[in-house]
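Its first residue numbered 75, the sequence shown is counted upward by one per residue in my numbering.
What the hints contain is simulated information worked out from the structure, not anything from laboratory work.
Each residue gets a CB set at the ideal place from its N, CA and C atoms; glycine is no exception.
Just to be clear, a hint being listed does not mean it is correct.
Claimed, not checked - Okay, the calculated beta carbon distance ranges per label pair:
#, residue 1, residue 2, range
1, S188, A238, 24 to 32 Å
2, T178, P242, 22 to 30 Å
3, G225, F245, 34 to 42 Å
4, R189, E246, 18 to 26 Å
5, P242, E111, 24 to 32 Å
6, Q301, G174, 12 to 20 Å
7, E246, G129, 40 to 48 Å
8, P116, P284, 32 to 40 Å
9, I303, Q124, 14 to 22 Å
10, P286, R173, 34 to 42 Å
11, Q301, A224, 15 to 23 Å
12, K120, E250, 14 to 22 Å
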Amino acid sequence: TTKLGRGNMRYFGLHELVYQRLIASGATTWDRTPYDEYELRPLVDKVSRQWLRPGQRVLVLGCGTGPDACHFAEGGMQVTGIDISPTAIDLAKKQAADRGLEVTWIVGDACDLSRAGRFDAVLDAHMLHCLALASDRTALIKSVAGSLVAGGCFIIATMIADEATTFPDTFELDDEGILWGKPSDDFASADCVEREGRRWIPTRYILRDPSPLVDELAAAGLSIEWQTIVPPGNEGDPAELQIVCRKGA
Numbered sequence: 075t076t077k078l079g080r081g082n083m084r085y086f087g088l089h090e091l092v093y094q095r096l097i098a099s100g101a102t103t104w105d106r107t108p109y110d111e112y113e114l115r116p117l118v119d120k121v122s123r124q125w126l127r128p129g130q131r132v133l134v135l136g137c138g139t140g141p142d143a144c145h146f147a148e149g150g151m152q153v154t155g156i157d158i159s160p161t162a163i164d165l166a167k168k169q170a171a172d173r174g175l176e177v178t179w180i181v182g183d184a185c186d187l188s189r190a191g192r193f194d195a196v197l198d199a200h201m202l203h204c205l206a207l208a209s210d211r212t213a214l215i216k217s218v219a220g221s222l223v224a225g226g227c228f229i230i231a232t233m234i235a236d237e238a239t240t241f242p243d244t245f246e247l248d249d250e251g252i253l254w255g256k257p258s259d260d261f262a263s264a265d266c267v268e269r270e271g272r273r274w275i276p277t278r279y280i281l282r283d284p285s286p287l288v289d290e291l292a293a294a295g296l297s298i299e300w301q302t303i304v305p306p307g308n309e310g311d312p313a314e315l316q317i318v319c320r321k322g323a
């Protein structure tokens, strides 16, 4: 394997390009579901009932166009959403304004939350599995732990694979859980590598077992309070590992 290191964009910069195309096509969410029927709504409802109360401060990581953040705000939370994509944040601002909701929006890298503030809860809105490289995940989890108040919750929704999980021919899942994809010829990133004459870029981190993530969380002072695995909606897709963990006092 040869690291190409072309371009300054990190691999997760692809999300901005995808959002530009999605929004140009008229979509309002990453998975093209209706804005108020977004995929994580059942989890947000559960968390809001069992672990949060109105007025608490909530940060949504990888907020995208803002459906999770807006839903928390409708429940009376003080909400901040952060995403790497300016295009997604622009639409999030419009959606919140149309609903008369007050949400703080940040375009930025969630691996550094030093200026975001302190929070009672942080939601990983399908962002953790977008950090394919271990160094980025470690930075994120450390940053989240630092932004939580004592007793605060980190809510995670991330991909997990099993024997039934399949991927298109243009992707390969390695033994470390990194899902490698073939970028378009015009995409240059410092994270591209070359193997057997082909360019690859890390796209996702997909667990096969919750244990490595649980260990990473514990190392940051976060203990598991609840977890479950939600089966995939379509045969062959990854399942979803959902976790609520809490920062010690």
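So, going through the hints one by one against the coordinates:
1. S188 with A238: 24 to 32 Å: Violated, at about 41 Å.
2. T178 with P242: 22 to 30 Å: violated (37 Å)
3. G225 with F245: 34 to 42 Å: Holds - the Cβ-Cβ distance for G225 and F245, about 39 Å, lies within 34 to 42 Å.
4. R189 with E246: 18 to 26 Å: For E246 against R189, whose Cβ atoms are near 37 Å apart, the range 18 to 26 Å is violated.
5. P242 with E111: 24 to 32 Å: holds (26 Å)
6. Q301 with G174: 12 to 20 Å: Since Q301 and G174 have Cβ atoms about 35 Å apart, the given range 12 to 20 Å is violated.
7. E246 with G129: 40 to 48 Å: holds (46 Å)
8. P116 with P284: 32 to 40 Å: Violated - the Cβ-Cβ distance for P116 and P284, about 20 Å, lies outside 32 to 40 Å.
9. I303 with Q124: 14 to 22 Å: holds (18 Å)
10. P286 with R173: 34 to 42 Å: Since the Cβ atoms of P286 and R173 sit about 38 Å apart, the hinted range of 34 to 42 Å holds.
11. Q301 with A224: 15 to 23 Å: holds (21 Å)
12. K120 with E250: 14 to 22 Å: For E250 against K120, whose Cβ atoms are near 31 Å apart, the range 14 to 22 Å is violated.
In summary, the structure is inconsistent with hints 1, 2, 4, 6, 8, 12 from the numbered list given earlier, while agreeing with the others.
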